[in-house]
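A.B. asks: Could you put the whole structure together from the sequences, leaning on the hints where they help?
Residue numbers (our numbering), protein chains in the order written: chain A, 51 to 134; chain B, 512 to 715.
Check the hints yourself; a few may be wrong.
Just a sample of chain B residues kept apart from chain A, beta carbon distances all over 10 Å, derived [unchecked claim]:
hint	residue
1	A606
2	D625
3	Q711
20 Å max Cα-Cα, derived SDA-like pairs, lysine to any residue [as the list claims (entries may be wrong)]:
hint	chain 1	residue 1	chain 2	residue 2
4	B	K681	B	Q608
5	B	K662	A	L130
6	B	K662	A	L134
7	B	K662	A	A73
8	B	K675	B	K629
9	B	K629	B	G701
10	B	K662	A	K116
11	B	K681	B	Y652
12	B	K659	A	V133
13	B	K646	B	A685
14	A	K116	B	K629
15	B	K646	B	G701
16	B	K681	B	G668
17	A	K116	B	D519
Covered stretches of chain A, going by a simulated chain B footprint (3 or more residues, C-beta under 8 Å) [as the list claims (entries may be wrong)]:
hint	segment
18	98-108
19	119-128
Simulated from the structure, these hints should not be mistaken for lab results.
Computed from a prediction, not measured in an experiment: that's the story for all the values here.
Heads up, the beta-carbon is just placed ideally off N, CA and C, and yes, glycines get one too.
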Amino acid sequence: MEGVEEKADVDTPAERAESGWVAWRVHAALADLPDSERVVLELAYWGERSQSEIAEFLGIPLGTVKTRTRTGLARLADMLEDVL
Amino acid sequence: MTRPPDFDDLVGAVDDPAERARLERVHQLLVEAGPPPDLTTSAAAKTAPAEERGNVFRLPRRRLGLALVLIGATLVAAFAVGYLAGNSGSDSNEAIQVEDTVALTGSGAGGQIDIGAKDNDGNLPMLLTVHGLRKLRNGDYYRLALVKNGKPIVTCGTFNVAGKQETAIKMLAAYDLENFEGWVVMLWHGRTRDETPVLQSRPA
Chain A
51 MEGVEEKADV DTPAERAESG WVAWRVHAAL ADLPDSERVV LELAYWGERS
101 QSEIAEFLGI PLGTVKTRTR TGLARLADML EDVL
Chain B
512 MTRPPDFDDL VGAVDDPAER ARLERVHQLL VEAGPPPDLT TSAAAKTAPA
562 EERGNVFRLP RRRLGLALVL IGATLVAAFA VGYLAGNSGS DSNEAIQVED
612 TVALTGSGAG GQIDIGAKDN DGNLPMLLTV HGLRKLRNGD YYRLALVKNG
662 KPIVTCGTFN VAGKQETAIK MLAAYDLENF EGWVVMLWHG RTRDETPVLQ
712 SRPA
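C.D. replies: The following block contains the structure:
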């Protein structure tokens, strides 16, 4: 069934397209990160793991996880400057 | 729905307020964007520990449905070849004299556009080659568009693919490409009537 019932309080197609565009930009930027930073961010944001759990999971020091997280976020900020 | 991480736990103390605000905005974008389409929560959460050797550090990617897609792809690809041959007139077998090539990148997908010289009618022949795009359900399709001011403005053609293997589609553009910033392949969702970008060219 192709019909769509739009609710009044949901985003318009244009707004959804805009948010989809931004999400895609975020994912594309994430894919361009060095693997060591990308995997830490993926585990933190979508793996539901704490920093300590990530450190244990990857077998690296907690400080390294924190450094990579912050460096990765900063690198993403540089790549996404136009949408921040 | 995953539980977003606490920003302060992630970055700790940041002395520069401007830098902190910048990182927090990225944090919000990541939360709002959700996981990339080829990364499921369960995959991230259940992945066995990766060993940090060189650059071999990627999480496993989802391969659900690959076998079915490949089976279906064989049948639909045969149809697509026939369609292209029948739809492109007498020039269907003519190779494009490529004058420019634009690379397209996306998450788990990619492609390129080979652009030929303008024909006598003022049209630019193009060969769009994509790979890694999934087969869509009825009512959905991909759209190649030119980008201006960061938005997909004009459509150069629509297409479907039989599966993630390489697919080539001939198209024409009647536009002056110098007026645009780049290219994007959008996925049109027929059910919700909105679009998601899946491939884009690199900024010049």
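A.B. asks: It remains to establish, for every hint, whether it holds in the given structure.
C.D. replies: Do the hints match the structure? See the list:
| no. | hint | verdict |
| --- | --- | --- |
| 1 | A606 | holds, 31 Å |
| 2 | D625 | holds, 22 Å |
| 3 | Q711 | violated, 7 Å |
| 4 | K681/B / Q608/B | holds, 13 Å |
| 5 | K662/B / L130/A | holds, 15 Å |
| 6 | K662/B / L134/A | holds, 16 Å |
| 7 | K662/B / A73/A | holds, 14 Å |
| 8 | K675/B / K629/B | violated, 30 Å |
| 9 | K629/B / G701/B | violated, 33 Å |
| 10 | K662/B / K116/A | violated, 35 Å |
| 11 | K681/B / Y652/B | holds, 16 Å |
| 12 | K659/B / V133/A | holds, 15 Å |
| 13 | K646/B / A685/B | violated, 28 Å |
| 14 | K116/A / K629/B | violated, 53 Å |
| 15 | K646/B / G701/B | holds, 14 Å |
| 16 | K681/B / G668/B | holds, 9 Å |
| 17 | K116/A / D519/B | holds, 11 Å |
| 18 | 98-108 | holds (count 6) |
| 19 | 119-128 | holds (count 6) |
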